[in-house]
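Colleague: What follows is the residue order along each chain.
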Amino acid sequence: MTSTLAGYVRVASRRFAGGVGMIGLLAVWPAPAAAQGPPINTDNAFVTGLNGAGFRTFFVTFDRNDLRLDGKKIDDPLDRRVRIRGQTFVLPYELVPNRLVVMGVLPYLDKALEMGASGNRQRVSVNGFGDLALAAKLGIYQSDRPNRTTRAALFGRLKLPTGPEDAVGPSGQPIPKALQLGTGSVDSSAGVVVTHSVGPLGLGAAAAYDFNTESDDFAFGDVLHYDVALGYRILPPIYRTYPAKQVNLYVEANGAWSRRDTLAGSRVPESGGWLFFLSPGIQFIPWASFLVEATYQVPVWQDLNGAQLGFEPRLKIGLRWLMY
Amino acid sequence: MEIIGMTHLKTFVTLSLAGLLLLSLPQAAAAQAAPGLGMLEVIVRVDGLSCPFCAYGLEKNLRKVDNVARVELRVDQGRAVVTPKHGTSLELGALERAVRDGGFTPRELSVTARGRLTELNGAPALELSNGVLLLLARGGQSNALLESSRGTVVRVEGVASQDQPKGHNGHPYTLTVSSFEAAG
Chain A
1 MTSTLAGYVR VASRRFAGGV GMIGLLAVWP APAAAQGPPI NTDNAFVTGL NGAGFRTFFV
61 TFDRNDLRLD GKKIDDPLDR RVRIRGQTFV LPYELVPNRL VVMGVLPYLD KALEMGASGN
121 RQRVSVNGFG DLALAAKLGI YQSDRPNRTT RAALFGRLKL PTGPEDAVGP SGQPIPKALQ
181 LGTGSVDSSA GVVVTHSVGP LGLGAAAAYD FNTESDDFAF GDVLHYDVAL GYRILPPIYR
241 TYPAKQVNLY VEANGAWSRR DTLAGSRVPE SGGWLFFLSP GIQFIPWASF LVEATYQVPV
301 WQDLNGAQLG FEPRLKIGLR WLMY
Chain B
325 MEIIGMTHLK TFVTLSLAGL LLLSLPQAAA AQAAPGLGML EVIVRVDGLS CPFCAYGLEK
385 NLRKVDNVAR VELRVDQGRA VVTPKHGTSL ELGALERAVR DGGFTPRELS VTARGRLTEL
445 NGAPALELSN GVLLLLARGG QSNALLESSR GTVVRVEGVA SQDQPKGHNG HPYTLTVSSF
505 EAAG
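Chains as they are written, first to last, in the numbering used here: chain A, 1 to 324; chain B, 325 to 508.
The set of hints was computed from the structure by calculation and includes no laboratory data.
Predicted model, so just to flag it, every value in this text is computed and none were measured.
Fair warning: there could be bad hints in the mix.
[Stated by the list, open to error] Listed below are the simulated DSSO-like cross-link pairs for lysine-lysine, each with C-alpha atoms no more than 30 angstroms apart in a straight line: (1) K245(A) <-> K384(B); (2) K409(B) <-> K384(B); (3) K245(A) <-> K409(B).
[What the hints assert, rightly or not] Computed Cβ-Cβ distance ranges for the label pairs, DEER-style: (4) D390(B) <-> L203(A): 37 to 47 angstroms; (5) R398(B) <-> L319(A): 39 to 49 angstroms; (6) R398(B) <-> P161(A): 28 to 38 angstroms; (7) T436(B) <-> F89(A): 43 to 53 angstroms; (8) G199(A) <-> D390(B): 51 to 61 angstroms; (9) Q486(B) <-> V247(A): 35 to 45 angstroms; (10) R394(B) <-> M323(A): 33 to 43 angstroms.
Ideal Cβ placement from N, Cα and C applies to all residues, glycine included.
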């Protein structure tokens, strides 16, 4: 293993994702169509409220610091630290009233890798817009009763290789794939979401599968997402006349399982694995068309394949604005 | 002002209003309509209204319906209270479509209207503003009531259902009146 950033980048650039992997990038993608209501990290089955254009954006930040092997921290002679910041923009449009929502998703990313001994730390970073994704959500089931509803929807996403994937490190070699702004591949996702809401209580569950394709002999592993959300409106205790200021609390479980990346058709040992976050969150709705929200995602379980950098908690802060 | 209460009404009046017939009366007849006639309020029971943030589209859609002056969403009651512009009427079908397009399920429609009792093809009807007739379906004592009150201005409150009156196409709403009073 090389001990310099340039050397590391040179080795890691095409061989593997540098111990970061696709699973680490998931946080910059929103729940595929969650512009019109809670919860924060888990999609919901509503396809309403957007006769015009809505807008959602959120900032997410997380680090990957400690090298782990078989779930345990191990010594990392390179002392690698990855920092990822993202500002994601989502613009949905209700194409068919109460049936079909389509949207565009574009993240602005700032990624950095730092490594080396103290006093001789070296750093490589990139920033800019990542890949553009087009997504859609189709309502397939709706059962309404007084003050309660149960709904289901299918969703899909097509991610296009619009982000740059040719950033280079100090040696002039491309930096690791997972640190690039774009993946270079056309990837797709499909999933299902179910929402049940009774008065102030909301339950949600979603599952999705990412089909990642190859680009330049490299492909990130496919990813299975599974999310469960429990939300409760604490204010107002009784919601009388709309609109009223509203505060919601959430507890979400957000998991992902990623297959190993592939390089020239071979599995990369140090990639993929299981990841599970417990995510408390809060949402404040001051006006009918506007909300702010924040969630702190704690990685309560991470079982990553081979030696990979572990996950630190993720912070996500965002707003949603229904524009008409 | 004479008020016919619920008991009296149930005994002597099973008054159904068969939808909104957007029937243009002759100009002369319209010109003779008394001022202030029209719908006063429509309350739509909205099922599924448990996600207040999602109600933004519901409110917007209801506001876009012709002649709507005001919309109030009572989330705890699951009701949308729609007030028409003074002296106008609302198309009940448009209200239901607005609720569906807004993402929710419309149930019963409670209508409060002020109009002149009249008759159309032998069926009792309420003449509203601008030539709009709110048909009163045949049945029970309604014809007798019509005979005794024909030509008078009344205020009625009723709950809409979607029974299809025989021989009447395109307006599948029947209102069962819950209160009825002479309005001078």
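Colleague: Taking the earlier hints as the rules, which of them does this structure contradict?
Modeller: 5, 6, 8, 10
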